[in-house]
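Visitor: For reference, the chains in residue letters:
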Amino acid sequence: MPDPRAGLLTALMITWRVACVVIAVTAVVVTAALGAGLGAGLSANEAYQDDTWWAAGDARQFPSRATFSNSSGALTVLRSGAPLDTQGHPFFSPLGTNGRACVTCHQPADSMSLSAQTIQKRWQDTQGQDPLFAPVDGSNCPHLPQSQRSSHSLLLDRGLFRVFRPWPPRAADGATIEPEFTLEVVRDPTGCNLHPQYGVHSANPMVSVYRRPRPVANVKYLTAIGFSFEPKNGLPLPLDPQTAAPTSGNLMADARNRTLKSQAIDAALVHLQASANPTDAQLRQILDFEATLYSAQGQDRWGGALTEAGASGGPETLAASPAGELQGGAKPVWSEFAAWAKLPAASGSEEQRLFRESVARGADVFANRTFLIRDAAGLTSIGFGNPVRNACAFCHNMMRTGMDVAPGQVDLGTTNEPFANPAPELPLFKLTCKEPYRPHPHLGRVVYTQDPGYALTTGKCRDIGKITIQQMRGLAARAPYFSNGSARTLRDIVDYYDRRYSIGYTEQEKQDLVNLMSVL
Amino acid sequence: MAEPRTRNVQASAVSAMAALPVLLMIAAGLCADEPATAQVRSFVSCPIYRDTNAGRKSGCWLANDPENGVQYDISLGRIKPLLGRQVLVEGVVSPKDAGPSAPRQSMCGATVLEPVRVAVLDAACKEYSIPAEGFPGRRFVLPAKLLQPASVPRQLPPPPYGKREYTIFFELNNDFLIYQYAETIIEDIVLYTKASHARRVVITGYAATTGYEVSGRHIAEKLEIAKARAAMVAAALERLGVPRTLLELKWQGEPQLDPPTDAGLIEPAKRRATVEIVL
Numbered sequence: 001m002p003d004p005r006a007g008l009l010t011a012l013m014i015t016w017r018v019a020c021v022v023i024a025v026t027a028v029v030v031t032a033a034l035g036a037g038l039g040a041g042l043s044a045n046e047a048y049q050d051d052t053w054w055a056a057g058d059a060r061q062f063p064s065r066a067t068f069s070n071s072s073g074a075l076t077v078l079r080s081g082a083p084l085d086t087q088g089h090p091f092f093s094p095l096g097t098n099g100r101a102c103v104t105c106h107q108p109a110d111s112m113s114l115s116a117q118t119i120q121k122r123w124q125d126t127q128g129q130d131p132l133f134a135p136v137d138g139s140n141c142p143h144l145p146q147s148q149r150s151s152h153s154l155l156l157d158r159g160l161f162r163v164f165r166p167w168p169p170r171a172a173d174g175a176t177i178e179p180e181f182t183l184e185v186v187r188d189p190t191g192c193n194l195h196p197q198y199g200v201h202s203a204n205p206m207v208s209v210y211r212r213p214r215p216v217a218n219v220k221y222l223t224a225i226g227f228s229f230e231p232k233n234g235l236p237l238p239l240d241p242q243t244a245a246p247t248s249g250n251l252m253a254d255a256r257n258r259t260l261k262s263q264a265i266d267a268a269l270v271h272l273q274a275s276a277n278p279t280d281a282q283l284r285q286i287l288d289f290e291a292t293l294y295s296a297q298g299q300d301r302w303g304g305a306l307t308e309a310g311a312s313g314g315p316e317t318l319a320a321s322p323a324g325e326l327q328g329g330a331k332p333v334w335s336e337f338a339a340w341a342k343l344p345a346a347s348g349s350e351e352q353r354l355f356r357e358s359v360a361r362g363a364d365v366f367a368n369r370t371f372l373i374r375d376a377a378g379l380t381s382i383g384f385g386n387p388v389r390n391a392c393a394f395c396h397n398m399m400r401t402g403m404d405v406a407p408g409q410v411d412l413g414t415t416n417e418p419f420a421n422p423a424p425e426l427p428l429f430k431l432t433c434k435e436p437y438r439p440h441p442h443l444g445r446v447v448y449t450q451d452p453g454y455a456l457t458t459g460k461c462r463d464i465g466k467i468t469i470q471q472m473r474g475l476a477a478r479a480p481y482f483s484n485g486s487a488r489t490l491r492d493i494v495d496y497y498d499r500r501y502s503i504g505y506t507e508q509e510k511q512d513l514v515n516l517m518s519v520l
Numbered sequence: 521m522a523e524p525r526t527r528n529v530q531a532s533a534v535s536a537m538a539a540l541p542v543l544l545m546i547a548a549g550l551c552a553d554e555p556a557t558a559q560v561r562s563f564v565s566c567p568i569y570r571d572t573n574a575g576r577k578s579g580c581w582l583a584n585d586p587e588n589g590v591q592y593d594i595s596l597g598r599i600k601p602l603l604g605r606q607v608l609v610e611g612v613v614s615p616k617d618a619g620p621s622a623p624r625q626s627m628c629g630a631t632v633l634e635p636v637r638v639a640v641l642d643a644a645c646k647e648y649s650i651p652a653e654g655f656p657g658r659r660f661v662l663p664a665k666l667l668q669p670a671s672v673p674r675q676l677p678p679p680p681y682g683k684r685e686y687t688i689f690f691e692l693n694n695d696f697l698i699y700q701y702a703e704t705i706i707e708d709i710v711l712y713t714k715a716s717h718a719r720r721v722v723i724t725g726y727a728a729t730t731g732y733e734v735s736g737r738h739i740a741e742k743l744e745i746a747k748a749r750a751a752m753v754a755a756a757l758e759r760l761g762v763p764r765t766l767l768e769l770k771w772q773g774e775p776q777l778d779p780p781t782d783a784g785l786i787e788p789a790k791r792r793a794t795v796e797i798v799l
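Chains as they are written, first to last, in the working numbering: chain A, 1 to 520; chain B, 521 to 799.
Derived by calculation from the structure, the hints in this document are not laboratory data. Keep in mind it's a predicted model, so treat the numbers as computed, not measured. It cannot be assumed that every hint is accurate.
To be verified - Chain B is nowhere near these chain A residues, computed Cβ spacing over 12 Å in every case:
1) Gln-124
2) Asp-125
3) Pro-145
4) Asp-157
5) Glu-230
6) Thr-279
7) Gly-310
8) Arg-389
9) Thr-432
10) Pro-436
To be verified - Once the Cα atoms are required to be at most 20 Å apart in a straight line, the calculated SDA-like pairs of lysine to any residue come out as:
11) B:Lys-577 with A:Lys-460
12) A:Lys-460 with B:Ala-748
13) A:Lys-220 with B:Ser-671
14) A:Lys-331 with B:Ser-671
15) A:Lys-331 with B:Val-672
16) A:Lys-261 with A:Asp-288
17) B:Lys-742 with A:Lys-220
18) B:Lys-577 with A:Thr-370
19) A:Lys-434 with B:Lys-646
20) B:Lys-646 with A:Lys-331
What the hints assert, rightly or not - Sample of chain B residues lacking proximity to chain A, with all beta carbon distances greater than 10 Å (derived):
21) Asn-573
22) Ser-578
23) Ser-671
24) Leu-676
25) Pro-678
26) Gly-682
27) Arg-737
28) Glu-768
29) Leu-777
30) Leu-785
For each residue, glycine too, the CB sits at the ideal point set by N, CA and C.
Looking at chain B on its own, in the form it has when it is part of the complex (with noise of 0.2 Å):
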């Protein structure tokens, strides 16, 4: 028995040294997506839609920072922009995206910013829809947890059962709850209100009303806004069944930041509601 060990510890000490690269460049590779070393763009401009066709919901969506002359690739964003108006662009460089030989460029022609918060803008501006140019586009995926059919049983989250705080982020000034993105995180408080049997449900609507600088112009919500989220959240908890009884609505201008970021984003991530369930 005991050889065999010895021969098995030797033969991981050998595994290991073999896969010391691979860890490397793991390793560097999750560092490389860090927010901290990330580069960070924030810029206001009209959106470009380049019409490549990979499917549905393939085409690309591309903006110009007007700081630095890059053109980027801003698909990824929760929401798209539209044609002829003005978009608040917020997005991270990542360093893999952000050479010319970066292999995602290649799909829509630009720097891909991952993630990226794109906010519409009231502001007009030009149409500019371009052709594919022999950019192939992005095959449209859906996100990862996406809401059941009605048809699929829901099971309530097992216990043991404790306090939680839920947090949903919205684009600027706006109060609509993000098509597949938010729809599953109300979900997820719904059953989790049901199964823990909570005694109180404490929304807080938050707006980013200090605000920043961005391509020239000061970009802040009012106090109304957070008003607003936290009354849509509650309206979308009390018509999926939690009482009215049990919700508590705040509202307040900017949040103590938790988590700080929404995915290595600091303003945008000012824009949402909390949801705690109180047992």
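Here chain A stands alone, though its shape is the one from the complex (with noise of 0.2 Å):
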């Protein structure tokens, strides 16, 4: 079946690309103006500028409620209490020696991470100079000329930071862990891993992975307990040492950090070069933030509002609603849209109620239209079977987010050959599990990979190429995705599955899948 907005999008394109230059310059004027705006109780406070930069040190005011266009229409970030004054408040200062501070690699605009459209005009904009190409992981490697561009290819092209673990891993309490697998540099185009002060040799022995940052909004679902077990692991969920409280599994897509606490602390040791942790009051002020943030497409370019005709999109929804939910039965994965389903002729202009339409049909496909899961270690290696027949939803079943419930980290194949996307420009690393351990459940006792994964926290055969789940919401203003940035679009998402798994969608059901994911 034909995608039904096929013949308006063309035209419409046009209209649309004038019309979003209009909405950028005028976005403050027109919302403060029209009081209701993009939603109910809009001041002229709640608004942002056009520039939507948010550099290390600047004395803003975080609004209470802030909108920014992107591609697909606007997003939305909601902050619950106040507009905060940003002076001096740790989240926004530097707090090392490079001058970057936690809001330069997630910023509002980029739904609290980062694309790498905004990477690229800050480039533009600084000649390279911002903080955010610092050296130690904003390069390709700090041994780099760091005033090329190609010494930056990797978060410019990619929007990739280089994440480097130790090696041997080591346990949270500074431990070695011994590894049940040797690791052997296959490929390595950014010199770092086989580099003799960065590698894997060196006197520090690091392994270099690129990585996307992920959203800092939201964060009662990344850290909500769904289940006192994790059953990708066996075990019941891992406690935090200092307060004896489960940790959820959706943290890090390596789950090196299981709590926003020590998150905030190696983030501020490795990202921002502090040479101590933060204080306990920075670290509270910090967590306290993040947890007042939510952040969602809030407006659709052409399904209009996200809330309404009965849907309950944008983060308003996200902050009012309990954490943690397992969807199924009555209650589907993103049943925000289910009341678009089948709306009356009457209701909008005809491309808005087909655009709706297929946000809706996009939903049920999600969380129905089943297909084969195979070789997708974490979920096909614990008792389901391989293959087991489920759909999307099987592992995004996390209400309002689609990250896991369960929850924990999954090999999809994003970075384990023979599954992921080749990449030249990513290291290539042979892992090869050691007797008497138990070899990788899908891909034997040698696995070629471009990011070990969790593996690197566990130094575990079966963990190799996994990793943790992320939340679904602000998609729109954080291209490129997956945890390598390999999908540039929403459509690469889409066929990168439909390749993984020989699913066969239409191209009708991947142009749901693409505007439902426009929408989070």
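Fit chain to chain and form the complex, with the hints in mind.
Guide: What follows is the structure in structure tokens.
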């Protein structure tokens, strides 16, 4: 079945490009003037200026509500409570030596993450002088000539920061973990993994992988405990050694930090190059601020307000709803848009109605269109069988965010060969599982991977290439996607899964899924 | 008062007579499911995936018994096979599923083993995946006892409390706590330990070290897996709040079987850990 919007797209695209500029320039004026604007109760100080880059140390006020245009419409960031004066606030202040703050890589306009588009603009605006491009991880490797664009190609082209993990892995208490596998560098295009100072054979051995920053928003969902057990690892959730409380498995691509507090400390020491941990007061301020943020697309260029006609998209629902709910039955994931499944012909414009119905179909495909999931360690290796028939919502099962309630890490093949997209610009490692340890459940004793993922935290063969499932909100504001930025667009995500699992989506189903993801 | 009571007695007698055939049928049914009369099959084979589509997790898993040439439906195990890896199948052919007209055979197209235990072996084999061929498959049904969300308040078991023992079964050569099976037992242990203010929690891991012959090979476990099972259960209890100081770990080979079987199966029952709550 052809896309009902197809005939409209070309003509409307031109109009939209013009409209984009208008929207971007006049967003503040329009929203302030209309009062209700993109949401009820908008006031002048709730909108945001056009120059959306938030530099470390900017003494701005963080509003209670801000909207930012993007190619799909507009993102809304809510902050519960009063507007925040960020002067001296540790989230917005340089805590280390390289001039970065947390906000450098967690920009409000990018849904508290950072898009490659924003990175590229920042490079142009500052000729690469922004602290964002700090040698430590904002370049392909610190030894490269930092003034050259090519030295920052992974950040500029794929939105990837260098993440360097100790080798062999270390536990949270610093103890060395004896890995179940050996690690060889097969391909080292950045020169970092074999570098005498930064590489795996250096005095301080490190494995450099390259990953996207995750959004610091909707954090109550990131830390929600849906169930006490983590079936992917066969044990109850690990405990926070400081509080003895169970920790969610939904933080960090490789779960190297299991609490927001340890993440903040780690980020300050590594990404901000702080010489010491943030103070307890600073940590408290950072965590308190993060807990107030909700971010989601609020307006679509075709579909209009995402809270109209019975839908409950946008961040308001995120803020008002409980976290950690498992989808299913009468409450499938993305049922926020179920009311759009069948709209009266007279409701809104034709293109708006068609788009909204497409979103609702996308939600249905996401929750109910089953396919055979194969060779996804962490999912097909824990008793469900390999293959197992299920839908996207099998893993993306947390209401309102699409994370995994279970929770845990899965090898979707985004970094492991043979399923990963070819990426000669990324390193390639050969991991060989030692005797007597069990081999990787699907890939055998020798695994080639662009990023060992969770195995760099646990040292276990079964965890090679596993990546923590991440939230799906604010996607339109923060391309590219997957932990290694291998999906440049939302369509690339759908195409990857379609190829990876031989799903055979129709063109209509693909477009419906893209439309769904664009409004999340 | 007396007359009506007489009528009731007579009515009861008539009812009992009428119910007799039904009771006999029920008794026959129960007897038919007794392990003693059931046919137990153990074999090593390559699994076959039949891609039926009766919703999520509905595919059929089949395996051919090399000894008798019969294809069995092994979908009802605690865990499912992995394509391309040999499986050890240990199951009971229930008489009601043995004949060609057995109703459940029509779901996946093979004789149903139930109960059945499936263990994924390290040995590789050819991948066999076949279409539904008109078979509807079996809708996935959640286990009767399922771990509740963390948001659901837990009730501590009421007194009286006494010494109590729990048993957790494992897959062959594996210490992994089986999802949607083991976690409810673990949680029961935790709740009982807390409620009873237990003085000690004795965890004993076992391994089926003697083994037995299946499909021309000797299937046995190493003693190390007994220790690993005990450690895994201990880790689970500790993460759920049982103090480490209460835990006492032991491990050994063949257990004294009590309960003697895992749902009628003797060999799988040896791959276990027990948890004794001492007050």
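Visitor: Classify the label on Gly-310 (chain A) as holds or violated, using whether its beta-carbon is more than 12 Å from each beta-carbon of chain B.
Guide: Holds: least Cβ distance 27 Å, greater than 12 Å.
Visitor: Taken at face value, is the distance from the CA of Lys-460 (chain A) to the CA of Lys-577 (chain B) at most 20 Å?
Guide: 27 Å, violated
Visitor: Over 10 Å from every CB of chain A: does Pro-678 (chain B) meet that, or does the non-interface label fail?
Guide: 22 Å, holds
Visitor: Beyond 12 Å from chain B, beta-carbon-wise, is Thr-432 (chain A)?
Guide: At roughly 16 Å from the nearest Cβ of chain B, Thr-432 (chain A) sits farther out than 12 Å, so the non-interface label holds.
Visitor: Taking 12 Å as the cut and beta carbons as the points, is Glu-230 (chain A) off the interface with chain B?
Guide: 9 Å, violated
Visitor: The output says Ser-578 (chain B) does not contact chain A. Does that hold with a beta carbon cutoff of 10 Å?
Guide: Not fine: 6 Å to the nearest Cβ puts Ser-578 (chain B) too close to chain A.
Visitor: Verify that the Cβ of Pro-145 (chain A) lies farther than 12 Å from every Cβ atom of chain B, and report whether the claim holds or is violated.
Guide: Label holds. Min Cβ-Cβ 48 Å, cutoff 12 Å.
Visitor: Take a quick look at Arg-737 (chain B) and tell me if its Cβ sits farther than 10 Å from every Cβ on chain A, holds or violated.
Guide: 19 Å, holds
Visitor: Confirm or reject: Asn-573 (chain B) is not an interface residue toward chain A, with every Cβ-Cβ distance exceeding 10 Å.
Guide: Label violated. Min Cβ-Cβ 6 Å, cutoff 10 Å.
Visitor: Looking at Gly-682 (chain B) again, its CB stays over 10 Å from all of chain A?
Guide: 26 Å, holds
Visitor: Does the alpha-carbon distance linking Lys-331 (chain A) and Val-672 (chain B) stay inside the 20 Å limit?
Guide: It holds: about 18 Å lies between the C-alpha atoms, which stays within 20 Å.
Visitor: Could you let me know if the closest chain B CB is still more than 12 Å away from the CB of Gln-124 (chain A)?
Guide: At roughly 47 Å from the nearest Cβ of chain B, Gln-124 (chain A) sits farther out than 12 Å, so the non-interface label holds.
Hint check: violations occur at hints 5, 8, 10, 11, 17, 19, 20, 21, 22, 23; the rest are consistent with the structure.
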